[in-house]
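Residue numbers (the working numbering), protein chains in the order written: chain A, 1 to 360; chain B, 1 to 365.
Treat the hints loosely; a few may be bogus.
Computed far set for chain A versus chain B, every beta-carbon distance over 10 Å [unchecked claim]:
1. L150
2. F192
3. L308
4. I314
5. F350
Computed spacing ranges between beta-carbons, pair by pair [as the list claims (entries may be wrong)]:
6. K179/B / F116/A: 38 to 48 Å
7. A57/B / A35/A: 21 to 31 Å
8. A234/B / R3/A: 51 to 61 Å
In short, the hints are calculated from the structure, not lab data.
Using N, Cα and C, we set each Cβ at its ideal position, and we do this for glycine too.
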Amino acid sequence: MIRLEKRPEPSKLWSWATPPLAVILTMIAGGLMFAALGKDPVAAIRTIFWDPIFGEFAFYYRGQLLVKAGPLILIAIGLSLGFRAGIWNIGAEGQYIIGAICGAAVGLAFYPWESFIVFPLMVIAGAIGGLLWAMIPGLLKVKFNTNEILVSLLLVYVAEFILASMALGALRNPDGSGFPGSRNFRSYPAAFNDEIIAGTGMHWGVAAAFIAVIFAYVLLARHQLGFQIKLAGQAPRAARFGGVNPVRLVLFCLGISGALAGLAGLFEVTGPAGQINIDFNVGYGFTAIIVAFLGRLHPVGILLAGLLLALTYIGGEAAQSALGLPAAAIQAFQGMLLFFLLAVDVLTNFRVRFGAGEAA
Amino acid sequence: MKRRSLLAAGVAALALATGGAMADGHEKVKAGFIYVGPIGDGGWNYQHDQGRLAVEAHFGDKVETIYQESVPEGADAERAITQMALQGADIIFTTSFGYMDPTNAVAAKFPDVKFEHATGYKREHPNVATYDARFYEGRAVIGHIAGHMTETNKIGYIASFPIPEVIQGINSAYLHAAKVNPDVEMVVTWVYTWFDPAKEADAARAMISQGVDVIMQHTDSTAPQAAAQEAIAAGERVFTFGQASDMSAFAPKPRIASIIDDWSPYYIKRVGQVIDGTWEQSASWGGMPEGEVVIGEITDEVPAEVKAEAEAMIAAITDGSYHPFTGPINKQDGTPWLAEGEVAEDGELLGMSFYVEGITSEIPN
Chain A
1 MIRLEKRPEP SKLWSWATPP LAVILTMIAG GLMFAALGKD PVAAIRTIFW
51 DPIFGEFAFY YRGQLLVKAG PLILIAIGLS LGFRAGIWNI GAEGQYIIGA
101 ICGAAVGLAF YPWESFIVFP LMVIAGAIGG LLWAMIPGLL KVKFNTNEIL
151 VSLLLVYVAE FILASMALGA LRNPDGSGFP GSRNFRSYPA AFNDEIIAGT
201 GMHWGVAAAF IAVIFAYVLL ARHQLGFQIK LAGQAPRAAR FGGVNPVRLV
251 LFCLGISGAL AGLAGLFEVT GPAGQINIDF NVGYGFTAII VAFLGRLHPV
301 GILLAGLLLA LTYIGGEAAQ SALGLPAAAI QAFQGMLLFF LLAVDVLTNF
351 RVRFGAGEAA
Chain B
1 MKRRSLLAAG VAALALATGG AMADGHEKVK AGFIYVGPIG DGGWNYQHDQ
51 GRLAVEAHFG DKVETIYQES VPEGADAERA ITQMALQGAD IIFTTSFGYM
101 DPTNAVAAKF PDVKFEHATG YKREHPNVAT YDARFYEGRA VIGHIAGHMT
151 ETNKIGYIAS FPIPEVIQGI NSAYLHAAKV NPDVEMVVTW VYTWFDPAKE
201 ADAARAMISQ GVDVIMQHTD STAPQAAAQE AIAAGERVFT FGQASDMSAF
251 APKPRIASII DDWSPYYIKR VGQVIDGTWE QSASWGGMPE GEVVIGEITD
301 EVPAEVKAEA EAMIAAITDG SYHPFTGPIN KQDGTPWLAE GEVAEDGELL
351 GMSFYVEGIT SEIPN
């Protein structure tokens, strides 16, 4: 008989060991699935996990890993602060969209003015756009005690409609002969978020993500506000007695996560995506929630989790075209990763006991 | 050493290294296909994949094909296309409108790889060609059938994105429905997706509950067909048309006919040209005469005389004696567009951003 016994406090060892264990279990279970589909499981796992980093075309894929991981990390860092404090911003996707729209709108308003000031203004507008969008659930929560999970989530759909209307209306490329979509920022150098070093995938959004990781780390480890965030999450009553202002904390956590999501959107629309279009958003805001938890809400963990998830995307795509794996198999594989991570998490909080219970 | 220098020079260097691969290495021509949805959608992507299989069947050992499905339009598309070029594809077909800018961006980096973009208009580099099919020819035929079949005089249209290709279809279907039934009303529902079975089914159900009894779609799944089937089971009278693929599983009703995209002739032709080394940039727009737009079996739910008229129209479009956009046609606001007997120019159709007179709703803006 196997029993689970609650640990007095989460195991330090297991909280570090479970993510790699989950990855190994995913490789085994995924390998079995690939074998069942009639593909060589070793080749499939190697294509997904090894080739993008060390394979023949790694010089291209490594950069793409950064491109894919950048927005995930940037958004997840913001979300993790709120999650730690028990403030649940589920609508980062919407803040990402609004940030992209606001930033792009500022850039397009200046078109075709070539000045170094254009891009910084767009960055600021992107951050403000995301911040304001996140302030809606924030203010509703502090004024009327609404549930920020619902409000922020539902605002994603509102943002998507605004995006569609912008792509078809106000921001539509006047030279695009009626097709939806804004001008492409590639053809407007002053507003284009180019790679900082060509061929590396390192654009300003990736740089911003790394900076955000460092700031979050310092904030949580050294700053009073970081302490308040952790306290509010772990012991809300104690936090209140300890002088934490809950209104300020809600607005700060939602604001910072909104601003970072808005920045991610701005960097994406001016760089890899290139233009505002109806289907500009591809779910980074939702995937970032997974990244935040996969990274245990720890800045360094989020950095690694973002890179790992990006790897499964990039490697998964490569496996599709190189090995002819169906897209659904790759999605199932990614699902397995999350499943196993949550499943083995049990080891962090519980001790596994074999044999009959002692005088149970 | 080689790796290091490649790293330094980035993708452009590799493009040179792999671009000429056909000359220096592999004998088989490698053709890549990028799909916007799953190949099992039973519609648009399924038909493109049928085209890919036709290429394999036609050339046998001379070609190898690779594909990637469900590639989102936007930033991810650029990587997927680059990936295929890196893997040594000689020709890459990108089969959705939203791949237009990514296709051109990748083409700039791989001058020796041929790129074929479906339904777009940008050919920024000599190695980019575009191709499309005159779906509006098929719309004319099913519009004609729909005008006869509706009893409520409401024809529903599940529209994806307000781009010229879709607007052409709505106009063509309406013109030919109104020709046989002047009281007909076009109910257009915009779903802003190419493939989303849930949204498509919702749109179909909503329109049926508004009294629509004939549904057309410009989306890729069979969900509207299934929704109509449910409605029939509940005692409603509803008809649909297969879209992109025959969707014959839903015949004889609700599916009473279909517009089939047959990409095989074009794919075989273009891959053959890569094999022969005669590939050149072009903008292809084939239709019924080229066999790219085909009307699937018209079922017996359609009265025989209507079916005969539809077949006559197919014959006339195929031999070139009839163009679905032949004047007199006014724009929605009443201003004249085509004079009596005048035929629309391709350029005008490719940029079409207005409804014709008689459609009461507005194009979202």
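Notebook entry, point to check: Against chain B, does I314/A keep a CB gap of more than 10 Å to every residue?
Noted result: violated, 7 Å
Next item on the list: Could you check that no beta carbon of chain B comes within 10 Å of the beta carbon of F192/A?
Entry: Given a closest Cβ separation of 12 Å, the condition holds.
Notebook entry, point to check: Would you say F350/A is clear of chain B, with no C-beta pair closer than or equal to 10 Å?
Noted result: For F350/A, whose nearest Cβ neighbour in chain B is about 38 Å away, the distance exceeds 10 Å, so it holds.
Checklist line | Status of the given 38 to 48 Å range, CB of F116/A versus CB of K179/B | finding: violated, 59 Å
Next item on the list: Could you say whether the range 51 to 61 Å given as a hint is met by the Cβ separation of A234/B and R3/A?
Entry: Distance hint for A234/B, R3/A holds at roughly 53 Å.
Margin query: Using Cβ atoms and 10 Å as the threshold, tell me whether L150/A really stays out of contact range of chain B.
Written below: holds, 21 Å
Next item on the list: Grab the minimum beta-carbon distance between L308/A and chain B and tell me whether it stays above 10 Å.
Entry: holds, 17 Å
Margin query: Within 21 to 31 Å: is that where the Cβ-Cβ distance between A57/B and A35/A falls?
Written below: holds, 28 Å
Checked against the numbered hints above, the structure breaks hints 4 and 6 and satisfies the rest.
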